Amino acid sequence: MNRIVFIGVAAASLSALAIPGVAIAGDEDDARVAIAGATAKLDSAEKAGIGGNAGDLLSQSRTVLNKANAQFRKDEDRYALVLAGEADALADLATATSEMRALESERAKIVVN
Amino acid sequence: MKKIILSLLAATALAGVTTPALADKTDKFVTSAYRDKIAVARTEPGVTEYGAVYLDRAADRIAKLDKKLDNDKSGQAEAVAGEIDALIATARTRARIAMLKQDVDQATARAAMRTSETVAVAQADAANSRADAAAARNATLAAVAEANRSRAEMRDYKLTQTQLGATLVLQDVVFATGKSDLKAGAGQRLQPLAKYLQANPNVKVQVDGHTDSQGSDASNRSLSEARAQSVRATLAQMGVSADRITTIGHGEAQPVADNRIAAGRLQNRRVEVTLVGQQAATFAVVR
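One line per chain: the protein sequences are E and S, in this order. Residue 1 is where the first sequence starts when you use our numbering, and the numbers rise one by one after that. Residue 1 is where the second sequence starts when you use our numbering, and the numbers rise one by one after that.
Looking at chain S on its own, in the form it has when it is part of the complex:
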C-alpha cells in the first residue's frame, strides 16, 4: 500500500513538473509569434506613425496572453489573441487610411487643377470670341458710319433720279472756257464723290459730257468727251478705280435748256456723273 501511494505521488509529482514545462514551451512559442507580428507591423510604412497607439495596446496585451496561456481553462487566451490580432489590423488600417487621404488630397488637387485649366481655356476662348465679335461689329459699324458719312458729304451735290441712277451735275464753272482741264481747285468739288465711291466699292459710275450748241458738232463732241475723261482721271487720282468709271461725250445733242439764251447755254455746258443703280432719295434721307 505504502509503495502504491508513493508511486502515485511520484507520478503526480512528475506530471506536475513536466506538463507545465511542456505547456510553458508552447506558450512561449505563441507569445513570441505575437511579439514578432507586432515587430513586423512596426516596420511597415506608416504603421508606427499612424497606428502606434494600437500596436502599443497590442504589445501591452502580450503579458496578459502569456498569463492566460499559463492557466487557460476557458479559451480566454483565444480572446486575448483575437484582441491582439484586431489591434494589429487596426494599426495597419490606420496607416492605409493616412496614405489614402494623401492620395485623395492629391487626386482632388489634380482634378481641381484640371478643372481650373479647362475653365481658364474656356474663358480665354470665350473672351477671344467676344473680342472677335466686338471687332467685327466695330468694323461693320465703322464701315456703315463711313458709308453714311460719305453719303452725308454728298449733300452739297444736287442729286436727281434718272433712269440710270442718282445723277449729279457739274456745271462748266469747274472747267475753263473751251478747255477740258478742271480749273485749279475745282477738283475739291469731286472730293466727297471720291470718298463716297471709295466707301462703296460696288457702285459704278457713268460720266456724261455735254456742251451748248455753239461751235461745230464735232468739236463739241470731242470737248464733252475730253471733259468727261478729265473727271474720270481726277476721280482715279483720288483713289477710285478707273475701271468702275465709263465716259461718254454727247456734245450738244442733249440740251437741258434753250441754247438761244446765255442762261440756257450755261445750263447745257455740263458734266453729269451718275451713280449707276443708286437712288437719289437715299442721299436725300442722309441729308
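Pulled out of the complex, with its shape left as it was, chain E reads as follows:
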C-alpha cells in the first residue's frame, strides 16, 4: 500500500514539474511574431517623432520590449509573449497620447490667436 502511495505521489510530483517546463512548439513562434510586431510598432513610432510628445510612454514600451527579448532568449516564450503584448499596447498608447498632446497644443494656439 505504501509503495503504491509513494509511487503515486512521485508520479504526480514529476508530472507537475515536467509539464509546465515543456515548451509547446507554437509558443516560440507566437512570441517571435509578437516581439517583431511590437518592435516594428515601436520603431515606427520613434521614427514618427512621437518621442517629443509621449517620450515617457515610448521609453516604458521600449523597456518592456527589452524584457520580452530577454525572456525570449531564456526560452521563456510565454512570458516573452505577454511582455511583447504589453510593449505593443504601450506603443499604441504612446502614439495616441502624442497625437492628443499635439492636438491640445494646436487648439491652444488657435484659441490664443
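Honestly, I wouldn't trust all of these hints.
[Unchecked claim] Which stretches of chain E does chain S cover? Using the computed rule of at least three CB atoms under 8 Å from a CB of chain S, they are:
id	segment
1	83-92
2	97-108
[What the hints assert, rightly or not] For the chain S half of the interface with chain E, some residues (derived, Cβ under 8 Å), not all of them:
id	residue
3	K68
4	D70
5	T93
6	R94
7	R96
8	I97
9	A107
10	L168
11	A281
Keep in mind that the hints were calculated from the coordinates and are not lab data. Everything numeric in this text was worked out from a predicted model, so none of it was measured. All C-beta atoms in this analysis are idealised placements derived from N, C-alpha and C, irrespective of residue type, glycine included.
Starting from the structure of chain E, add chain S where the hints point.
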C-alpha cells in the same frame, strides 16, 4: 511511520485543496476589477465609439489574465494587467483625440470666420475710401473743368490787363441811347461772365460806367452810374451775389478816344467790367 506518512499526505492534500481555493478567490477579485474597469470605460463619452477596438482587445485579455493568475510563477499576470491598463488608457485617449479634433475644427472654422469678417470689413473700408477719393477727385475735376469751361466761354470778351485786374468792355450797343436799361437780348452777352463768376466765387467785380462828352457832366455821371448798376442787377439776376460787385459812374471824365468825332464818342460810351486781381493773359491761354 505509517501514521506520519499518512499525516503528511493529509496535510499536503489539505494544502492542495485550500491554497488554490484562496488563490482562486483573489484571482476572481482581480479579474472582476478589470472587467469593471473596462465596463466603466465603455460608459464614458466617445470611448465606445472611438476606442472600441482597444476595449475589445482588453476584454479579450481578461481570460489570459485569469489563466496567468492561476499559475503565475514569473509575474506574467502583471504584464497582462499592464497590457490591459494600456489598452483601456488608449481607448480613452482615442475618445479624447476625437473630441479634440472636433474642437480644433470648430476653433479653426471660427478663426477663419473671424479672419474673413475682418478682411471683409477692411475691404469694405478700403472700397469706401477709394469711392470717397474717386468722388472727391471727380468733384475736383468737375470744378476745374467747370472753371476752365467758364473761362473758355469768356473767349468772346476782349479782356485787357489793367492795374485793377482783367477788364472787358461793353460798348453802348447793349444800351438804348440815353437809357440805362440793357437792350432786349443784350443780357445774353453777360451770360458767360455770370457763369464764370459762379464757378469762381472768390473773384470780385468792379463795374465802371463811362459816357462821351455830350450832355451835362451831371447827367453823364448819373447815366454812367445807372448803366453800371444795370449791369450789376443783371449779373445778380443770373445768380452772382451783388455783394461781390461794386459800381462806379465816371461820366465823361475818363475818355478813351476823341469825343470830337463820332467814332471816338462811340468808344467812350462804354461800361468796363473788371475781374479784380485776375490776369487777362490766363483767359488768353484758355482761348
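Hint by hint, here is what the structure shows:
no.: 1; hint: 83-92; in the structure: holds (count 7)
no.: 2; hint: 97-108; in the structure: holds (count 7)
no.: 3; hint: K68; in the structure: holds (7 Å)
no.: 4; hint: D70; in the structure: violated (12 Å)
no.: 5; hint: T93; in the structure: holds (4 Å)
no.: 6; hint: R94; in the structure: holds (6 Å)
no.: 7; hint: R96; in the structure: holds (5 Å)
no.: 8; hint: I97; in the structure: holds (5 Å)
no.: 9; hint: A107; in the structure: holds (4 Å)
no.: 10; hint: L168; in the structure: violated (71 Å)
no.: 11; hint: A281; in the structure: violated (65 Å)
In summary, the structure is inconsistent with hints 4, 10 and 11 from the numbered list given earlier, while agreeing with the others.
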